[in-house]
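Trainee: Protein sequences appear in the order of chains A and B. So for the first sequence, UniProt numbering puts the first residue at 1; every next one is plus one. So for the second sequence, UniProt numbering puts the first residue at 1; every next one is plus one.
Rather than coming from a laboratory, the hints here were simulated on the basis of the structure. In this text, a Cβ means the ideal position worked out from N, Cα and C, and glycines have one as well. Some hints could be false.
No farther apart than 27 angstroms at their CA atoms in a straight line, the calculated lysine-lysine pairs in the BS3-like style are these [to be verified]:
1. Lys2(B) x Lys30(B)
2. Lys90(B) x Lys35(B)
3. Lys201(B) x Lys176(B)
4. Lys201(B) x Lys173(B)
5. Lys90(B) x Lys49(B)
6. Lys201(B) x Lys175(B)
7. Lys209(B) x Lys91(B)
8. Lys192(B) x Lys150(B)
9. Lys201(B) x Lys138(B)
10. Lys72(A) x Lys66(B)
11. Lys30(B) x Lys66(B)
12. Lys176(B) x Lys138(B)
13. Lys143(B) x Lys72(A)
14. Lys83(A) x Lys277(B)
15. Lys83(A) x Lys201(B)
16. Lys83(A) x Lys144(B)
17. Lys72(A) x Lys173(B)
18. Lys176(B) x Lys192(B)
A short list of chain B residues far from chain A (calculated; beta carbon distances all over 10 angstroms) [stated by the list, open to error]:
19. Leu135
20. Val159
21. Lys175
22. Trp238
23. Val271
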Amino acid sequence: MDNKGWSLKGSLLLLLLLVSDLLLCQSVASLPICPSGAVNCQVSLRDLFDRAVILSHYIHNLSSEMFNEFDKRYAQGRGFITKAINSCHTSSLSTPEDKEQAQQIHHEDLLNLILRVLRSWNDPLYHLVTEVRGMQEAPDAILSRAIEIEEQNRRLLEGMEKIVGQVHPGIRENEVYSVWSGLPSLQMADEDTRLFAFYNLLHCLRRDSHKIDNYLKLLKCRIVYDSNC
Amino acid sequence: MKESVASRTVFILLLFLTTSLLNGQSPPGKPEILKCRSPEKETFTCWWKPGDDGGLPTNYTLTYHKEGETLTHECPDYITSGPNSCYFNKKHTSIWTMYIITINATNQMGSSSSDPRYVDVTYIVEPDPPVNLTLELKQPEDKKPYLWMKWYPPTLVDVRSGWLTLQYEIRLKPKKATEWETHFAGQQTQFKILSLYPGQKYLVQVRCKPDHGFWSEWSPESSIQIPNDVTMKDTIVWIFVAVLSAVICLIMVVAVALKGHSMVTCILPPVPGPKIKGFDTHLLEKGKSEELLSALGCQDFPPTSDCEDLLVEFLEVDDSEDQQLMPAHPKEHPGQERKPTPLDPDSDSGRGSCDSPSLLSKKCEEARADPSAFNTPKSVEKPENPQTNVTYTWGSRSTSSEGKIPYFAAGGFKSSTWPLPQPPSQHSPRSSYHNIADVCKLNMGTAGASATLLDKTDTRALRSSKTTETGGEEKAAEQREVESFHSKTDQDTPWLLPQEKTPLISVRPLDYVEIHKVNKDGALSLLPKQKENSGQAEKPSTPEASKEYAKVSRVMDNNILVLVQEPRAQNLASFEEPAKEAAPSHQQNQAEEDLASFTSAPSGCGLQRAGLDYLDPTCFMHSFQ
Chain A
1 MDNKGWSLKG
11 SLLLLLLLVS
21 DLLLCQSVAS
31 LPICPSGAVN
41 CQVSLRDLFD
51 RAVILSHYIH
61 NLSSEMFNEF
71 DKRYAQGRGF
81 ITKAINSCHT
91 SSLSTPEDKE
101 QAQQIHHEDL
111 LNLILRVLRS
121 WNDPLYHLVT
131 EVRGMQEAPD
141 AILSRAIEIE
151 EQNRRLLEGM
161 EKIVGQVHPG
171 IRENEVYSVW
181 SGLPSLQMAD
191 EDTRLFAFYN
201 LLHCLRRDSH
211 KIDNYLKLLK
221 CRIVYDSNC
Chain B
1 MKESVASRTV
11 FILLLFLTTS
21 LLNGQSPPGK
31 PEILKCRSPE
41 KETFTCWWKP
51 GDDGGLPTNY
61 TLTYHKEGET
71 LTHECPDYIT
81 SGPNSCYFNK
91 KHTSIWTMYI
101 ITINATNQMG
111 SSSSDPRYVD
121 VTYIVEPDPP
131 VNLTLELKQP
141 EDKKPYLWMK
151 WYPPTLVDVR
161 SGWLTLQYEI
171 RLKPKKATEW
181 ETHFAGQQTQ
191 FKILSLYPGQ
201 KYLVQVRCKP
211 DHGFWSEWSP
221 ESSIQIPNDV
231 TMKDTIVWIF
241 VAVLSAVICL
251 IMVVAVALKG
261 HSMVTCILPP
271 VPGPKIKGFD
281 THLLEKGKSE
291 ELLSALGCQD
301 FPPTSDCEDL
311 LVEFLEVDDS
321 EDQQLMPAHP
331 KEHPGQERKP
341 TPLDPDSDSG
351 RGSCDSPSLL
361 SKKCEEARAD
371 PSAFNTPKSV
381 EKPENPQTNV
391 TYTWGSRSTS
401 SEGKIPYFAA
411 GGFKSSTWPL
421 PQPPSQHSPR
431 SSYHNIADVC
441 KLNMGTAGAS
451 ATLLDKTDTR
461 ALRSSKTTET
471 GGEEKAAEQR
481 EVESFHSKTD
491 QDTPWLLPQE
501 KTPLISVRPL
511 DYVEIHKVNK
521 DGALSLLPKQ
531 KENSGQAEKP
541 STPEASKEYA
551 KVSRVMDNNI
561 LVLVQEPRAQ
571 NLASFEEPAK
581 EAAPSHQQNQ
591 AEEDLASFTS
601 APSGCGLQRA
611 GLDYLDPTCF
621 MHSFQ
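If we strip away everything but chain A, and leave its shape as in the complex, we get (with noise of 0.2 angstroms):
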């Protein structure tokens, strides 16, 4: 357990580093590097809140960048944004839609939340990137985006757990998240059912992505700044 432990977070931290001179203009203090194996290295919480905002930030980046992609490439005239009406499997996640109702949500439980959203989305992440490959006329901005995002959202998940672990310990919940069923239409024969089950994706994927960013950064502000950014 402490070895996979340390392994994750050390692992963690590699990965945080190399993405954080990935994003833009995110200004990152330097974060203190932990040598594998090193017994007493433990990463502040600032520096696990800094780390996971910095990659929400830019999984949220991406996903927009990919959805304008599409949506430019493959959407247009087609009027796909009036049926993506409420179609994200996500939904059924009791989110808090606005400002007040996310500083009413206790940080645990916000935690959780978005632990689940980042559950939710493993799924259709691995999906997306199959599926695109599989595309005629693979879009490249498209894939290398899809595959990048599926890898970062991986070690969110993985440090969000690391915070957890901090912020919780001991508290450990079942893994509660909403189950994907868009496979199908993904592979749909039909282009037009085929182009707007991607399109729905994107535009979820967009979305959540959004969430998990505001809500880190609600959180970090609120434990680490006192509310006080």
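Put chain B on the given structure of chain A with help from the hints.
Mentor: Positioned in the frame of chain A, the structure of chain B alone reads:
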């Protein structure tokens, strides 16, 4: 029934249309939603553009429904954001939710609706500009001043809770500049500018952007004046330095003006001109050749020992294979350090004076290693082995030729002293003779002394040729040389006429007059002119008849030699009888005077020619005879 209803509706519609057409009224045009914006991701506003109102007062309403709901709501606030707008307050705003908004325009005639607009507040965030931009010029000690600016986020945005994360950007420019200088400030609300132009007034603006939204507008301009960095104290110091340096410059200018010449001579010493012992250029200019030549110290002709020294120092004569002058004068050579380089045909052997175009003896090219050839030494300063050999040869020759080899013009020609440029094509022996001629011609010029010296050498050589005339081949060759020299002289040209014109000697074949002999008094005894191919052992036709000497007293008019009338020279009737000049007069001068006197011979000789003419000695031979 249906038909009647249909027809009735049609009739009503037509009625409406006609009435509207008649009245100019129509239902409103289709409105259009321009944009929706949220300043802080908590509220948002939508603005629309009304369409044609159809001439009637038109009522606009905004209706919307949210994603996942079926209820249609109307705009809660038409006023707060101005006309044709709808303001959604916090209560009515949901994030991460799609709004489907529609504008309805209604007037008396009808209504129309806009296209539905799908709005998600998450992606329409555009904050207000930052507020309270303050500028301050901070001047730390011993450092350059810098501009420090501070601002605050827009009032509505909640940054403290982390709901929105803002990034800022500032820009500044001097007031008169056209381009803004933009800097990204990240999430900090202050900034330092270090590179500032002093004495300028700067304008600064700042704007912000939420983490996933649009840039705000630029804040109002703030200005600040940057003071000049040159303090009063510095100015005074610079003025003082300037005045001091001006004073120093003035002093230096005055010093240079007063003592400029001496300073210049100290720094740049003048180049020494050519100096010939006893030579006075002023006399030359005046035309007093007699005095000039007397000043040079050569009195008699043939040259005395003094002249020999001079000759040694300055002269340099070259010889070719043609020229063969037999050794003659024993007393001439001892002590003379001429070093002939006859075996060196290379004109670049260092005999610079010989090679310069201005040099008379351009024919300084050495003769072949012909022991029998009369090789004139090139230059005093070239003691080479060949020279030694030649010397030996000379010596041998001299012994064989029962005479001493006159060292012929061992002195090197200083090109500067010989302003006569000679075409190099001429044979060296002739050139040497020619040089003498030229030198004589230049007698009025600057090379009087050298010319005289050369003349002396020449005369010596000629003398030697004369003496060895009865010798063997060598002598004959020499004689031939002499003859060739003689023959080179133009028939109608006077020989060795000094010219006051250009020192340039034209490339004309020279004729040489064989000098029969020269006596102590400096009189040249000329042999009659011989044909060129007249053979080798020709004897002068009238060797004895030319034993007439005339002393040249002075030169007149640059081309007339004034001779001293002597009892022996009675045949030279046309000669003037000027008093003999002082002893130190140059030999050449006398010779030239002699010759000049020839020119004054009857014009029947056809001698008179301007410029570089030679006397035809045949005329004089006649006169002699």
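Trainee: Quickly compare the C-alpha distance for Lys83(A) and Lys277(B) to 27 angstroms and report which way the hint goes.
Mentor: violated, 123 angstroms
Trainee: Decide if the proposed pair is consistent with the structure: Lys201(B) and Lys138(B), CA atoms, cutoff 27 angstroms inclusive.
Mentor: holds, 15 angstroms
Trainee: Is Lys72(A) close enough to Lys173(B), meaning Cα to Cα at most 27 angstroms?
Mentor: violated, 38 angstroms
Trainee: Given the hint that Lys209(B) pairs with Lys91(B), test it: the Cα-Cα distance must not exceed 27 angstroms.
Mentor: holds, 24 angstroms
Trainee: Given the hinted pair Lys201(B) and Lys173(B), is their Cα-Cα distance within 27 angstroms?
Mentor: Judged against 27 angstroms, a Cα distance of about 8 angstroms means the pair holds.
Trainee: Going straight from one Cα to the other, do Lys201(B) and Lys175(B) come out at no more than 27 angstroms?
Mentor: Holds, because 6 angstroms separates the two Cα atoms, which is no more than 27 angstroms.
Trainee: Given the hint that Lys72(A) pairs with Lys66(B), does the C-alpha gap stay at or below 27 angstroms?
Mentor: holds, 25 angstroms
Trainee: Between the alpha carbons of Lys143(B) and Lys72(A), is the straight-line distance 27 angstroms or under?
Mentor: violated, 54 angstroms
Trainee: Take a quick look at whether Lys30(B) and Lys66(B) sit within 27 angstroms of each other, Cα to Cα.
Mentor: Satisfied, since the Cα-Cα distance of roughly 22 angstroms is no more than 27 angstroms.
Trainee: Sort out whether Lys176(B) lies within 27 angstroms of Lys201(B), counting only the CA atoms.
Mentor: holds, 8 angstroms
Trainee: Take the C-alpha atoms of Lys83(A) and Lys144(B), compute the straight-line distance between them, and say whether it is at most 27 angstroms.
Mentor: violated, 62 angstroms
Trainee: Given the hint that Lys2(B) pairs with Lys30(B), does the C-alpha gap stay at or below 27 angstroms?
Mentor: violated, 32 angstroms
Consistency with the previously given hints fails for numbers 1, 13, 14, 15, 16, 17, 20, ordered from lowest to highest.
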